[in-house]
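Respectively, the protein sequence lines represent chains D and G.
The opening residue of the first sequence carries number 166 in our numbering; numbering runs sequentially from there.
The opening residue of the second sequence carries number 105 in our numbering; numbering runs sequentially from there.
Honestly, the hints are just simulated from the structure, not real lab data.
Among the clues, some could well be false.
[Stated by the list, open to error] Lysine-lysine pairs mimicking BS3-like chemistry, simulated, CA-CA at most 27 Å apart: (1) D:Lys241 / D:Lys280; (2) G:Lys267 / D:Lys172; (3) D:Lys297 / D:Lys252; (4) G:Lys277 / D:Lys172; (5) G:Lys327 / D:Lys203.
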Amino acid sequence: MQKQKFKLNVLDVVIVVAVICSIAVIGFYDYISEIFSKPEIAPVTAVVVVNNDVQNQNEKIKIGEWIALDLGNNIKIQAVVVSLEEKEGRSQIGLSFNGYERMGRYYSELGVQIKWGEFYTLDINGELVSVKVDNLGISSENE
Amino acid sequence: MSKARRQLNKNGKKNRLVKGSLVLSFTRFASSRVVRFFESGLASHLLKSADKVDQFAKEKISTPIFKKIELRKNFTVPMRNRFTSFLSTNTLYIRGNRLIQSLINTSLRSIGVFLLTFSIYSIAAFLIRRYITTALGEADITNLCVSAITLISGLLLTLFGEKSVLNALCSGKITGSLLSESLGVNDSVFDRLSKTPPKLSLGMSFLIGSIFGLLTLFVAPSKVLLALLSLGILIGVFNVPEFGLLLGAAMVSFASKEFIAGIALATVVSHFFKWLRLKRNLRFGSADVVMVIFTLMMFITNLASGQRVNGGEFDLLIFVLIYFAVKNLVYTQRLLSQCFSALRSGLFLGMALYILDQFKMYITFGQFRQAASYMTANIVETDILAMLIAAVVPLSLVSPLFLKDKKGFWFIVLAIISLVITDSPFFYFVLFSSIFVFIIFTYKAPIGGFIGALTIMTPVLFVVYNTSNSAEVSALVYKAFDGVLETQFFAKNFWEGLNLLSGPLVVFVFAVGVVILMQQIVSVICFAKNNSLSKVGGAISSSAVMTLVSMTLFNSFSDVRSVAFIFFILGLCGAVFKLYVVSEKNHIDASEKIVEVDCDGNPKEV
Numbered sequence: 166m167q168k169q170k171f172k173l174n175v176l177d178v179v180i181v182v183a184v185i186c187s188i189a190v191i192g193f194y195d196y197i198s199e200i201f202s203k204p205e206i207a208p209v210t211a212v213v214v215v216n217n218d219v220q221n222q223n224e225k226i227k228i229g230e231w232i233a234l235d236l237g238n239n240i241k242i243q244a245v246v247v248s249l250e251e252k253e254g255r256s257q258i259g260l261s262f263n264g265y266e267r268m269g270r271y272y273s274e275l276g277v278q279i280k281w282g283e284f285y286t287l288d289i290n291g292e293l294v295s296v297k298v299d300n301l302g303i304s305s306e307n308e
Numbered sequence: 105m106s107k108a109r110r111q112l113n114k115n116g117k118k119n120r121l122v123k124g125s126l127v128l129s130f131t132r133f134a135s136s137r138v139v140r141f142f143e144s145g146l147a148s149h150l151l152k153s154a155d156k157v158d159q160f161a162k163e164k165i166s167t168p169i170f171k172k173i174e175l176r177k178n179f180t181v182p183m184r185n186r187f188t189s190f191l192s193t194n195t196l197y198i199r200g201n202r203l204i205q206s207l208i209n210t211s212l213r214s215i216g217v218f219l220l221t222f223s224i225y226s227i228a229a230f231l232i233r234r235y236i237t238t239a240l241g242e243a244d245i246t247n248l249c250v251s252a253i254t255l256i257s258g259l260l261l262t263l264f265g266e267k268s269v270l271n272a273l274c275s276g277k278i279t280g281s282l283l284s285e286s287l288g289v290n291d292s293v294f295d296r297l298s299k300t301p302p303k304l305s306l307g308m309s310f311l312i313g314s315i316f317g318l319l320t321l322f323v324a325p326s327k328v329l330l331a332l333l334s335l336g337i338l339i340g341v342f343n344v345p346e347f348g349l350l351l352g353a354a355m356v357s358f359a360s361k362e363f364i365a366g367i368a369l370a371t372v373v374s375h376f377f378k379w380l381r382l383k384r385n386l387r388f389g390s391a392d393v394v395m396v397i398f399t400l401m402m403f404i405t406n407l408a409s410g411q412r413v414n415g416g417e418f419d420l421l422i423f424v425l426i427y428f429a430v431k432n433l434v435y436t437q438r439l440l441s442q443c444f445s446a447l448r449s450g451l452f453l454g455m456a457l458y459i460l461d462q463f464k465m466y467i468t469f470g471q472f473r474q475a476a477s478y479m480t481a482n483i484v485e486t487d488i489l490a491m492l493i494a495a496v497v498p499l500s501l502v503s504p505l506f507l508k509d510k511k512g513f514w515f516i517v518l519a520i521i522s523l524v525i526t527d528s529p530f531f532y533f534v535l536f537s538s539i540f541v542f543i544i545f546t547y548k549a550p551i552g553g554f555i556g557a558l559t560i561m562t563p564v565l566f567v568v569y570n571t572s573n574s575a576e577v578s579a580l581v582y583k584a585f586d587g588v589l590e591t592q593f594f595a596k597n598f599w600e601g602l603n604l605l606s607g608p609l610v611v612f613v614f615a616v617g618v619v620i621l622m623q624q625i626v627s628v629i630c631f632a633k634n635n636s637l638s639k640v641g642g643a644i645s646s647s648a649v650m651t652l653v654s655m656t657l658f659n660s661f662s663d664v665r666s667v668a669f670i671f672f673i674l675g676l677c678g679a680v681f682k683l684y685v686v687s688e689k690n691h692i693d694a695s696e697k698i699v700e701v702d703c704d705g706n707p708k709e710v
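Just need the whole structure built from these sequences, with the hints factored in.
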């Protein structure tokens with residue numbers, strides 16, 4: 166007995182593809198929604214560690230002071246100092262600025278990504294200091 | 105040894121075992137005696153008179169009335185002829201018809217271009233809403249997802265869609281099997297158009313795609329697509345009323361009552377227009393006349409009474425009219441088989457959704473749980489599901505036996521899974537009663553059926569369901585399906601409901617109609633010379649009996665869709681009787697054909 170060939174025509178393929186796509190959409194709806202929805206601007210907290218901490222920077226700045234964070238490509242954002250700590254002989258500065266989180270990544274209000282472990286320049290009273298991002302998060306309370 | 109031979113031996117062994125069994129041979133003998141006694145007795149005369157009742161009604165009642173009011177037989181034919189000739193010259197109708205013909209003969213590539221254009225516009229509409237604050241409101245991500253799926257589908261169709269729409273629909277594995285096996289679309293439609301090459305109209309597709317695409321600025325693309333699909337279904341129903349009939353029957357357990365009522369109304373109207381155009385019949389036998397009286401009385405009394413049906417009087421009227429559509433549209437054994445298939449496949453899906461409905465609370469993934477809730481939003485209640493299953497089980501059992509359709513097995517498996525989930529004695533009662541009623545009617549084995557029912561059903565009903573042991577057994581099920589068993593089986597039955605709605609006189613008229621229909625269907629089982637028709641009649645009558653039992657046990661008016669189902673099954677009874685009358689007539693004609701006449705005009709046997 167000859168075995169009948171199982172052949173789908175293009176309409177069948179379209180139906181199957183549409184069903185698979187629908188299931189995928191249902192499964193990844195949250196992610197898709199996060200990608201395409203308008204970002205909610207919230208205060209992003211970044212803890213930066215001063216690189217080559219020759220002199221303690223904590224004495225030069227105060228909590229609540231606004232300082233500029235250079236993200237490269239001539240993009241600077243204003244951040245407020247929210248904490249000052251010293252860890253293993255290096256200054257840790259907690260900064261807060263307006264931005265948003267998407268898929269576990271943090272962006273400034275202008276849409277520039279701020280990456281973990283990346284080096285940025287901080288303008289502390291006219292002195293340019295290289296800092297490394299140590300921690301990122303969304304602040305729970307509006308400041 | 106070949107596989108076929110091994111199977112043959114296995115079957116032979118089974119048959120020998122059955123034939124050798126003393127108990128089975130005794131029940132067989134007793135059953136055949138009972139059937140013979142029944143067939144030669146008074147009841148037999150009553151059953152044999154089923155077609156004579158029609159004849160009597162025709163000769164003694166309808167013909168004198170027609171004569172008195174000076175109406176001749178087939179008095180509607182001239183009027184219908186006039187209507188047909190009017191349509192054949194009507195420009196609007198001709199253009200509409202030509203448009204439909206060209207739509208189904210258009211190539212899939214055109215549809216693909218339409219979908220592509222539509223999706224590009226709808227994505228653009230999404231982006232406008234996403235990035236520009238307008239009065240149109242916020243962009244919905246679902247719209248984007250629908251547009252993306254449409255884009256992919258459109259792309260596939262544009263790249264590979266060489267066939268025409270109808271060709272692709274009929275030759276497809278999924279759509280083709282659905283349309284021709286379950287939804288009553290037969291080859292005649294396909295043959296009419298398959299020879300003409302598919303038309304490609306890219307410009308028009310682009311234009312229509314742009315228009316509908318722009319619409320997505322105001323309406324969600326899913327709604328636009330759904331409206332287009334509904335329009336397609338409507339065109340399909342108006343071209344092939346059987347399609348609407350079977351689509352409604354298939355979706356009765358899980359589609360909303362508005363959808364079912366809409367499809368039923370389209371089917372009834374389509375059938376009426378087909379009748380006006382001399383393409384379908386609309387004949388009234390004795391049972392049908394009673395049903396017409398019942399329909400009119402019910403409608404008038406419903407409008408007059410203060411009682412309100414859950415679904416409205418108009419829904420109810422449309423569902424009652426389904427009876428006439430089924431009776432007249434199902435005119436071949438193939439259509440009958442398609443009816444069975446539609447009911448079985450539809451209810452299979454209904455049961456699967458019912459099971460999903462019970463399990464959805466355990467779906468941990470939120471989106472899938474929401475999708476499950478959306479899909480099961482219109483699923484019927486447990487009691488109505490039990491009623492539908494009980495009526496469809498015989499049709500599902502007869503399909504592999506006599507209609508060479510082997511998909512009935514999975515239906516029974518899913519029905520048993522549903523039974524286990526509900527863990528309801530009443531579900532169990534109707535499901536297994538249905539199987540034994542099927543045995544009694546289809547195999548003409550009353551004794552075997554009763555003994556089987558007593559030996560299998562009684563212990564389970566009275567021992568398993570009534571002991572504490574059963575409570576322990578089902579405790580897990582109770583835990584898992586908390587709240588599922590809240591059924592109202594003995595709340596109020598169909599007859600009480602009808603009495604409340606329309607009064608005792610209407611109940612009486614309906615009962616008379618049902619009795620005539622049952623007489624007709626049982627006469628098919630007893631006297632049909634065509635064995636397969638007799639067995640199919642057996643299945644339909646057991647289905648009707650189970651429907652009547654369910655109508656007496658459950659309140660069908662709680663879900664007006666079950667009323668549509670009841671009248672569908674009653675219509676099938678009438679359709680099978682009509683098939684029987686035609687087949688008997690053909691049988692007589694065939695036997696007359698082999699009688700030759702000699703030169704003197706006397707018949708001589710060949």
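Ascending list of hint numbers which this structure does not respect: none
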